[in-house]
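**Student:** Chain by chain, the residues run as shown.
2 protein chains.
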Amino acid sequence: MILRDIGEFGLIAKIRNWMGKSHPDVVQGIGDDVAVVEMGKKALLITTDILIEDIHFERSWIDPYRLGKKALAVNLSDIAAMGGIPKYFLISLGLPKTLPFSFVSLFYRGLKERARRFQVDLIGGDTSLSQKIIINICLIGEGKKGNLLFRNGARVGDDLYVSGTLGDAALGLKILQDKSTPKKPKGLIDKHLSPNPRIELGQALGRKKIASAMIDVSDGLLIDTRHILEESNVGARIWEDRIPLSSPFRKWVSPYSKDPYRIALSGGEDYELLFTASPKRKASILSLARSLNIPITRVGEILPEKEGFHLIGKEGEKIPSYRLGFDHFK
Amino acid sequence: MILRDIGEFGLIAKIRNWMGKSHPDVVQGIGDDVAVVEMGKKALLITTDILIEDIHFERSWIDPYRLGKKALAVNLSDIAAMGGIPKYFLISLGLPKTLPFSFVSLFYRGLKERARRFQVDLIGGDTSLSQKIIINICLIGEGKKGNLLFRNGARVGDDLYVSGTLGDAALGLKILQDKSTPKKPKGLIDKHLSPNPRIELGQALGRKKIASAMIDVSDGLLIDTRHILEESNVGARIWEDRIPLSSPFRKWVSPYSKDPYRIALSGGEDYELLFTASPKRKASILSLARSLNIPITRVGEILPEKEGFHLIGKEGEKIPSYRLGFDHFK
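These protein sequence lines map, in sequence, to chains G and L.
Going by this note's numbering, the first residue of the first sequence is number 1, and it counts up by one from there.
Going by this note's numbering, the first residue of the second sequence is number 1, and it counts up by one from there.
Hints were generated in silico from the structure; no laboratory data involved.
Careful: at least some of the hints might be erroneous.
Copies of one chain are not kept apart here, so a pair can be met inside one copy or by any two copies together.
[What the hints assert, rightly or not] As a list, the in silico DSSO-like pairs of lysine-lysine whose alpha-carbon atoms are at most 30 angstroms apart:
{"#": "1", "residue 1": "282", "residue 2": "145"}
{"#": "2", "residue 1": "174", "residue 2": "251"}
{"#": "3", "residue 1": "21", "residue 2": "112"}
{"#": "4", "residue 1": "209", "residue 2": "280"}
{"#": "5", "residue 1": "112", "residue 2": "132"}
{"#": "6", "residue 1": "21", "residue 2": "97"}
{"#": "7", "residue 1": "41", "residue 2": "144"}
{"#": "8", "residue 1": "132", "residue 2": "97"}
{"#": "9", "residue 1": "145", "residue 2": "41"}
{"#": "10", "residue 1": "318", "residue 2": "258"}
{"#": "11", "residue 1": "14", "residue 2": "112"}
Kindly generate the complete structure, drawing on both the sequences and the hints.
**Tutor:** See below:
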């Protein structure tokens, strides 16, 4: 048996099983985007992400400045999705020995831009020779225990919301990869190359006790909704035509997909927040969206587990959800 | 200018400069093996190490079980060198999709063996496809602020001690790489493949306030002594013939080096503890060595900075130290 036969989620389940029970201070461990550990009155949040050249990015698509920004941003998004406060990070780099020094200095310039913007400090790391560029960031944050949001808090009757618009990053990537489109729309490309972690929104949703469960949309709306449903033991319906699409997305999507919602549902790398909240919190959510100037859209609702997970199409038809997302080993 | 022209230590200096000042809670940041952050009464210790196939290891030398053990051990050694208590770790893996599943399960078996032995919990990570195997561990520990040992505490007149024996791991690697030696000495090979982090020794040296400065020997005795000297603003002499060599080392070294001390001084990957202590602590050190059953040898003494750093050879001659260690980009 080889790794491809097991898939990423299968492997994670195995690892959880092999490693066994952890210390009672570990609130959230293997299999989640963020590990949570009790440390006195606070909780320590730790997340890590690896980016590998020619797997996650190509040097011909992304300049080193934006690569530095993105490497930190994807980790910040994981902390945002818990309502946490990011604090410190370490970076391990694998670098080819013939890499121009200017690449490294621009990469760090991008890293520093995001670090300043979100007030996080680089406190260490490791560097090594490598054939391909490898970037591994470990980001540490903190939060008050009562303010943190997990995937498992969704309740039947809650509404399902998403911030921003979906599909832009995935469409941006398709356009980047498409050699037949010389003039590339900057907005969509930027959504792919320079994602904006929703730190302030995540913290407000936790601090004001507005949301009941939360995750960031990194694997696509379908897969990430499924994570909330599985951990909360609930079902859900999503109204396809309520999924927020940007106008550049609507303008550019047709050559790449007959059904625009397909990309928005399963594209991934949106780094928007997906959360559930009681219908009573509707007014607070509207006012938060206005004050932070971030669109927040109600795209679905939480159902009893036995009703499963389905989409409602434009004609009102019920479409059972299916796994369209990206499994790293398949 | 390319990376090779700058070298690893040059790059770290640049990064420290680019990223600027960090938050006052950061006790130790960029450039050290372990980052230290104040968290209430405790200090949080964080260290990260990246291992890349065909750079740090080859699949033909090391089986997956020992690779798992070693990946965690090298990080544990960094926490040991501060007298800290290791607690949690995250692991990012890059894995080829055709890797046999048995490789991954044996790797985790090795990881778990070290995790149990040193009571640390795997709490998260990331996995990705990759051409070469990539292993990045981020290990988190803690310590009482007053018990932690840094590189900068050595004082003139202190003795310089090292645990265990030196050079075994470096010689083990040379023998592993040598195709003309079919029968390989297990002891030396094991020192390279299965280093044993000195966690209990490190903690005792900190808790009992025995040592004044400490580091683990990962880059070789010369380079790691130099780190203590630079950060403590002192000089040192090391008596070459006091450097502890194991009997397998003495037996096997001659085909690989005319001067056996050359490998012991600059080989690296020993993962022993190198520390300074006041001469008054000699009796406590002897008794600690006996109770933990770990050899501890006085190899040198700390001098005023203006006397520099030199070795005393077998004939009593003064040999100025020179940089023999391993710079990852050169």
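**Student:** So which hints don't hold here, by number, going up?
**Tutor:** none
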